[in-house]
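Protein chains: 2
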Amino acid sequence: MVDIEQANAKAVERMMEARPVLVGVAKAIEVIPGMHPNLLLHAGPPVTWDRMAGPVKGAVFGALIFEGKAKNAEEAEALVQAGKVEFAPCHHHDAVGPMAGVISPSMMVYIVENKTHGNRAYSGLNEGRGKVLRMGAYSPEVIAKMQWMNEVLGPVLDSAIKEGDGVDIRTLLAKALHMGDDGHNRLDAASLQYTNILAPNIVRVTKEKNTAAEIIRFLGDNALSILNPVMAGCKTMTLAGHNVEGSTIVTVMARNGTDFGIRVSGLGDQWFTGPAGHVKALYFPGFTDKDANPDIGDSTITETAGIGGFAMAAAPAIVTFISGTPKDAINTTLDMYEITFAEHKYFTIPQLDFRGTPTGIDIRKVVEKGMLPRVNTGVAHKDPGIGQVGAGVVTPPMNIFEDALVAFAEKYGF
Amino acid sequence: MVDIEQANAKAVERMMEARPVLVGVAKAIEVIPGMHPNLLLHAGPPVTWDRMAGPVKGAVFGALIFEGKAKNAEEAEALVQAGKVEFAPCHHHDAVGPMAGVISPSMMVYIVENKTHGNRAYSGLNEGRGKVLRMGAYSPEVIAKMQWMNEVLGPVLDSAIKEGDGVDIRTLLAKALHMGDDGHNRLDAASLQYTNILAPNIVRVTKEKNTAAEIIRFLGDNALSILNPVMAGCKTMTLAGHNVEGSTIVTVMARNGTDFGIRVSGLGDQWFTGPAGHVKALYFPGFTDKDANPDIGDSTITETAGIGGFAMAAAPAIVTFISGTPKDAINTTLDMYEITFAEHKYFTIPQLDFRGTPTGIDIRKVVEKGMLPRVNTGVAHKDPGIGQVGAGVVTPPMNIFEDALVAFAEKYGF
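For the protein sequence lines, the chains are D and Y, in the order given. Going letter by letter, the first sequence gives residues 1 to 414 in the working numbering. Going letter by letter, the second sequence gives residues 1 to 414 in the working numbering.
All the pointers check out, no bait thrown in.
Restricting the straight-line Cα-Cα distance to at most 16 Å, the calculated cross-link-like pairs of lysine to aspartate or glutamate (EDC-like) are:
{"#": "1", "chain 1": "Y", "residue 1": "LYS327", "chain 2": "D", "residue 2": "ASP353"}
{"#": "2", "chain 1": "D", "residue 1": "LYS327", "chain 2": "Y", "residue 2": "ASP353"}
{"#": "3", "chain 1": "Y", "residue 1": "LYS175", "chain 2": "D", "residue 2": "ASP221"}
{"#": "4", "chain 1": "D", "residue 1": "LYS382", "chain 2": "D", "residue 2": "ASP291"}
{"#": "5", "chain 1": "D", "residue 1": "LYS365", "chain 2": "D", "residue 2": "GLU402"}
{"#": "6", "chain 1": "Y", "residue 1": "LYS280", "chain 2": "Y", "residue 2": "ASP291"}
{"#": "7", "chain 1": "D", "residue 1": "LYS115", "chain 2": "D", "residue 2": "ASP165"}
{"#": "8", "chain 1": "Y", "residue 1": "LYS27", "chain 2": "Y", "residue 2": "GLU151"}
{"#": "9", "chain 1": "Y", "residue 1": "LYS209", "chain 2": "D", "residue 2": "GLU214"}
{"#": "10", "chain 1": "Y", "residue 1": "LYS290", "chain 2": "Y", "residue 2": "ASP383"}
{"#": "11", "chain 1": "D", "residue 1": "LYS207", "chain 2": "Y", "residue 2": "GLU208"}
{"#": "12", "chain 1": "D", "residue 1": "LYS209", "chain 2": "Y", "residue 2": "GLU163"}
{"#": "13", "chain 1": "D", "residue 1": "LYS411", "chain 2": "D", "residue 2": "ASP269"}
{"#": "14", "chain 1": "D", "residue 1": "LYS131", "chain 2": "D", "residue 2": "ASP383"}
{"#": "15", "chain 1": "D", "residue 1": "LYS209", "chain 2": "Y", "residue 2": "GLU214"}
{"#": "16", "chain 1": "D", "residue 1": "LYS382", "chain 2": "D", "residue 2": "ASP50"}
{"#": "17", "chain 1": "Y", "residue 1": "LYS209", "chain 2": "D", "residue 2": "GLU208"}
{"#": "18", "chain 1": "Y", "residue 1": "LYS207", "chain 2": "D", "residue 2": "GLU208"}
{"#": "19", "chain 1": "D", "residue 1": "LYS382", "chain 2": "D", "residue 2": "ASP289"}
{"#": "20", "chain 1": "Y", "residue 1": "LYS365", "chain 2": "Y", "residue 2": "ASP403"}
{"#": "21", "chain 1": "D", "residue 1": "LYS145", "chain 2": "D", "residue 2": "ASP221"}
{"#": "22", "chain 1": "D", "residue 1": "LYS369", "chain 2": "D", "residue 2": "GLU402"}
{"#": "23", "chain 1": "Y", "residue 1": "LYS365", "chain 2": "Y", "residue 2": "GLU5"}
{"#": "24", "chain 1": "D", "residue 1": "LYS115", "chain 2": "D", "residue 2": "ASP168"}
{"#": "25", "chain 1": "D", "residue 1": "LYS209", "chain 2": "Y", "residue 2": "GLU208"}
{"#": "26", "chain 1": "D", "residue 1": "LYS175", "chain 2": "Y", "residue 2": "ASP221"}
{"#": "27", "chain 1": "Y", "residue 1": "LYS209", "chain 2": "D", "residue 2": "GLU163"}
In short, the hints are calculated from the structure, not lab data. Since we're looking at a predicted model, the values are computed, not measured.
Work out the full structure: start from the sequences and follow the hints.
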């Protein structure tokens, strides 16, 4: 009979000992395993076109326009309807994408390598806030920015990253949690660190100094510039803890805007899915919760790795963005200790006397205590073409943990 | 009869409404009022050579070597003994200096202008940690770095600052308090912000890209790079609240390593002084409190303006550097509300539900409650030529507040 405690200890130890380092930037088709010219990756568990959420459809339109395969949304939709486009979750290809999470073959992606165990993960370049592809916008200025990111930003980032020893994501996050970040929705300090680490290298590797200045400004002005490498870093950590025989630890939480899905370390690549939740949010001026798409994106990989909503106690100022009070932020983290296996060895929270963040969601505890993982997230408009409308907090549906526990009992014969 | 409450409200309102902006860098002799070729400024209240602390003497030796007036410490001391050097507090010239705080005529200084009331203040460029002039070190590598700062760094900073709209110190500090900084000893987030704001401009104004990269790296690697502009910013704020008839608010707290001195808004330029305290500190490896010089530096201008030790609740991670627990940090801030007049309008503490920092030390409350202002500070070696040995917390002597209150009663006839 399998020793679940021992299995979980191994899974979580591997997650915590993973040391993700950003090592470069390249075109998705050149580096993402299994990427091919007709494939588009998206956030969350698998989903068919007819059930696909508005912002994912918007990002698909944008990606097909960006790839030069369609001139507009109508042409893009016709391609999809004609069966010329294949879809797969980012997670099926060791990748992660915030919000819609669409990655197309020509897009530049970050490459993050776990130096402890050798595995890699991938994520696109962050566009900043506002009208952006990941929120389902696909207007000409969105596409133009994507092109600049691919042609100018990406190659410079690749050279700048390689000019140094790469960017140690675990160290950067550990510092950021001492600087008021949660590691998911609030990454102000981490993004500043990131810009600071790369800026001198960007200057050295860029021919035109105006281009160097523009790139440094673009990274420095975007409080989420480090989000995508952080997500890929968390993916390498949770991948390192995946496929441990007998472990009840969650290694993927992801949403496609329609469904919320999880994977469990001891249950291989099976998804357990249920309806994506409604985000309790602060809305930007002019929007209400009627505009909101349900919960969406792979960014819940941060909570899966022990940061984000789980580390909110470290980030009291985040409540100005997602609603609530600093006390709520503390309580969220305290609650999450109830459903996790360990306290993180490297991610600590000064406000809780440097206690490690709650790490390694145990499906047994979630079900026994009836307490769900807490996630903080951005909110996209439910229709394609619009963009972000707010940010807030949300939980997954309970059934996915129950279903996973049933599957676990069946597989391991409890 | 003067209305003290009204006077204090006016003094503190002026302090809070001051909006310091970093506007440039220039040689001290070109911009500091009253600077002349034989004058050296130092931290704290006035002090004569025979009572001058070791680190100040070390910085004086270094400054005279830097100015080309002496080849070594012996020649520098001979110049002083021969009466060829004049000394004055930085505060007598609207300047502030951390630790020894020595400013010589040729040194490049930051110029900070309070855009609300128009007054200016000045401070040197920050050298980073370790063997540095401000800690009393004066070896050839210390002098070489000073020369690089004067010849390379200073002119580039001046152009980079002027390339934009300057650097808004109040906005930067307000953000930093939401990112785990206290605004005095912990300025990690503020220094990152500072580097990020200037980096693109540095790239544009610098001819050689290796020089630009070197300068960005120098600023970005120094978690105190913004300390000196912050201090000058706080000086412009407290200056704006100075000389309000009938006010019992402290507008200067400063130490020269021998004496701790204060000035009070309603008592003009009179100093009230007592012995500088022993810092309760965490020491760097190899040093103990036997090596420590007493409390030193003008950096207490931050606490005078409502940040630093007074905002420690915002900076729980600072305890890894200065000793204590996060709870002590919270309690320090809570205590300081007992002896201050107001809660800051722009500097808020997320951990205390965004309460404004305790601002405007009232000498009446200090004496009535027997509670002293709390300061966190670096510790210099007591001998010239060595440098920093630790960091910790300290309080001023009580007599200076009592003496000030007696003087206030005499002047205003209570």
